[in-house]
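Asks: Order-wise, the sequence lines are chains A and B. Heads up: the first sequence is residues 3 to 264, going by the numbering used here. Heads up: the second sequence is residues 4 to 303, going by the numbering used here.
What the hints contain is simulated information worked out from the structure, not anything from laboratory work. Ideal placement from N, C-alpha and C gives every residue a C-beta, glycine not left out. Errors might be hidden in some of the hints.
[What the hints assert, rightly or not] Covered stretches of chain B (in silico footprint by chain A; criterion: 3 or more residues with CB under 8 Å from a CB of chain A, positions within the stretch not fixed):
1. 31-43
2. 61-73
3. 102-115
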Amino acid sequence: MSRLGPGLILALIVGFAFLYLPILTLIAYSFNASRLVTVWGGFSTHWYGALLQNGPLLDAAWLSVRLGFVSATLATVLGTLAALALARHGRFMGRTLFSGMVLAPLVMPEVVTGLSLLLLFVAADVERGFWTVTIAHATFSLGFACIVVQSRLAGFDRSLEEAAQDLGATPFVTFWTVTLPLIWPAVAAAWMLAFTLSLDDLVIASFTTGPGATTLPMRLYSAVKLGVSPEINAACTIMIGAVAVVVIAASLLLKREQLAGS
Amino acid sequence: MSAVASMQRLRRLVVAVPYLWLALFFLTPFAIVLRMAFSQAATALPPYAPHWEGLAQLGEFLSQLDLANFSLLGDDALYWQSYLYSLRVAALTTVFALAIGYPLAYAMASAPARWRGLLLVFVILPFWTSFLIRVYAWIGILRPEGLLDAALGLLGFEGEPLRLLNTETAVLLGMVYSYLPFMVLPLFATLEKLDRGLLEAAADLGATPITAFLTVTLPLSLPGILAGSALVFIPAVGEFVIPDLLGGPDTVMIGKVLWSEFFSNRDWPLASAVAVVLLVVLVLPLVLLQRARLSREMAA
Numbered sequence: 003m004s005r006l007g008p009g010l011i012l013a014l015i016v017g018f019a020f021l022y023l024p025i026l027t028l029i030a031y032s033f034n035a036s037r038l039v040t041v042w043g044g045f046s047t048h049w050y051g052a053l054l055q056n057g058p059l060l061d062a063a064w065l066s067v068r069l070g071f072v073s074a075t076l077a078t079v080l081g082t083l084a085a086l087a088l089a090r091h092g093r094f095m096g097r098t099l100f101s102g103m104v105l106a107p108l109v110m111p112e113v114v115t116g117l118s119l120l121l122l123f124v125a126a127d128v129e130r131g132f133w134t135v136t137i138a139h140a141t142f143s144l145g146f147a148c149i150v151v152q153s154r155l156a157g158f159d160r161s162l163e164e165a166a167q168d169l170g171a172t173p174f175v176t177f178w179t180v181t182l183p184l185i186w187p188a189v190a191a192a193w194m195l196a197f198t199l200s201l202d203d204l205v206i207a208s209f210t211t212g213p214g215a216t217t218l219p220m221r222l223y224s225a226v227k228l229g230v231s232p233e234i235n236a237a238c239t240i241m242i243g244a245v246a247v248v249v250i251a252a253s254l255l256l257k258r259e260q261l262a263g264s
Numbered sequence: 004m005s006a007v008a009s010m011q012r013l014r015r016l017v018v019a020v021p022y023l024w025l026a027l028f029f030l031t032p033f034a035i036v037l038r039m040a041f042s043q044a045a046t047a048l049p050p051y052a053p054h055w056e057g058l059a060q061l062g063e064f065l066s067q068l069d070l071a072n073f074s075l076l077g078d079d080a081l082y083w084q085s086y087l088y089s090l091r092v093a094a095l096t097t098v099f100a101l102a103i104g105y106p107l108a109y110a111m112a113s114a115p116a117r118w119r120g121l122l123l124v125f126v127i128l129p130f131w132t133s134f135l136i137r138v139y140a141w142i143g144i145l146r147p148e149g150l151l152d153a154a155l156g157l158l159g160f161e162g163e164p165l166r167l168l169n170t171e172t173a174v175l176l177g178m179v180y181s182y183l184p185f186m187v188l189p190l191f192a193t194l195e196k197l198d199r200g201l202l203e204a205a206a207d208l209g210a211t212p213i214t215a216f217l218t219v220t221l222p223l224s225l226p227g228i229l230a231g232s233a234l235v236f237i238p239a240v241g242e243f244v245i246p247d248l249l250g251g252p253d254t255v256m257i258g259k260v261l262w263s264e265f266f267s268n269r270d271w272p273l274a275s276a277v278a279v280v281l282l283v284v285l286v287l288p289l290v291l292l293q294r295a296r297l298s299r300e301m302a303a
């Protein structure tokens, strides 16, 4: 490959500076001793201590984690089934409608998804809270999970499944012992994507939640509306750190597996 | 025989479970929004009329549905102007994201192969951090007496604070920032696959680097440009959080209108009508894009 010219190096620097400077300033000012955002008052972890005392914020974070866990698991199971249906079942009745329904949430504006699900829950007269948000999140991240698994199924050697069935394995045993282990990295990636989408969502959760189920983004949103504070910076820094650790660990794992596979 | 029957059952289950889920939680809500868009707001619980009273009153129920919400959307400038404004912001976001994203993706694709994976992870990483956090970071930078003003002061530009927060510039910055990875990823995917031999051939035939770029690279990366633009433009039209936090009274996008009709004015039918029109506005470019792709495939 050719060496990078100065123009291309400049493009890399400008692009990555644009992507990272805002996040880095946010992290830096979470360690600021001063409450004022523009005045550097020395290094301090004061705001992280304050965060530990912030009960409502911690409750919201715990709720969001539980919610993400359940909805990501639901979305991954449903998305994997949908991917199998689309990749393996050829033509079935209503296939066009089915693939449309799987993919539509990917382009649906969040406000529309949120509004429509809330109207359903009102019409069905269910009490809104943890489970309504979980259902809403599972529904909109199902499509993302399906795409991730589908791409893995597309590059899949089907003769392995046929061999298992020729040797007398039932379809269920074949799926469990052959298909699932082979598509496992994609299933794990789909789960992580669904979990992050759930953890990140403000709009759909705001529509579909009820009293007593305030998620972390909802809590952060109302704090941000009131103004900038180092405590929010500290909360954001912890979230960024957690995400960075998980993403880097996941890409290292993936790399190791690719090396093992090749 | 029983093995075949059990296989049939399993196959049917694989399709049926996600199918039923989506019918219940995607299609049905959608139908409810559509029906709601033709209803009227009422001071009742839930706040709309008419209510469904069973099949016996079907005639009466249908006679109470009308187009009042849609004609309001057409008549009241607030609504159609915010649709147009949303399209404008989404289009500008797409153009700027392309302007920053194309050189970035091009440089990434030209980098030595052992760097590319790492560069890719670094483009995706901000996308995994919370959306709200990324927008919040810009508030700290753009607000009066914020980091941008402080930085300009340090560089010797004394004077009035810039007052960028709550302007269209702030909204655009936030949008381009948040959606940039969606532009870079498809562009990188097409540019990486590009056969460099074609560029060498063009150079051998006497093309300047600029001519080679315009006649070889750019046309071949068109699928990536289209995919990236669609991935940025479509969610940008219905965006709510960014204009709400970074924008001001002049930057009313349609997602915000829907939100306030629902939460502040409690006009559920009007909010539903806004949603229906928004979907129509979004589906149109998607259909055009699909048609362009089909005709390209037919030509190829």
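Asks: The structure should be examined with respect to each hint, and the outcome stated for every one.
Replies: So, going through the hints one by one against the coordinates:
Restraint check on the region 31-43 of chain B versus chain A: 6 residues with Cβ-Cβ distances below 8 Å, three needed, restraint holds. Figure legend: the region 61-73 of chain B, annotated as covered by chain A; annotation inconsistent (0 residues with Cβ-Cβ distances under 8 Å, at least 3 required). Check on the region 102-115 of chain B: 10 of its residues sit with their Cβ under 8 Å from a Cβ of chain A, so the three-residue criterion for coverage holds.
The structure is inconsistent with hint 2 alone, although it conforms to all the rest.
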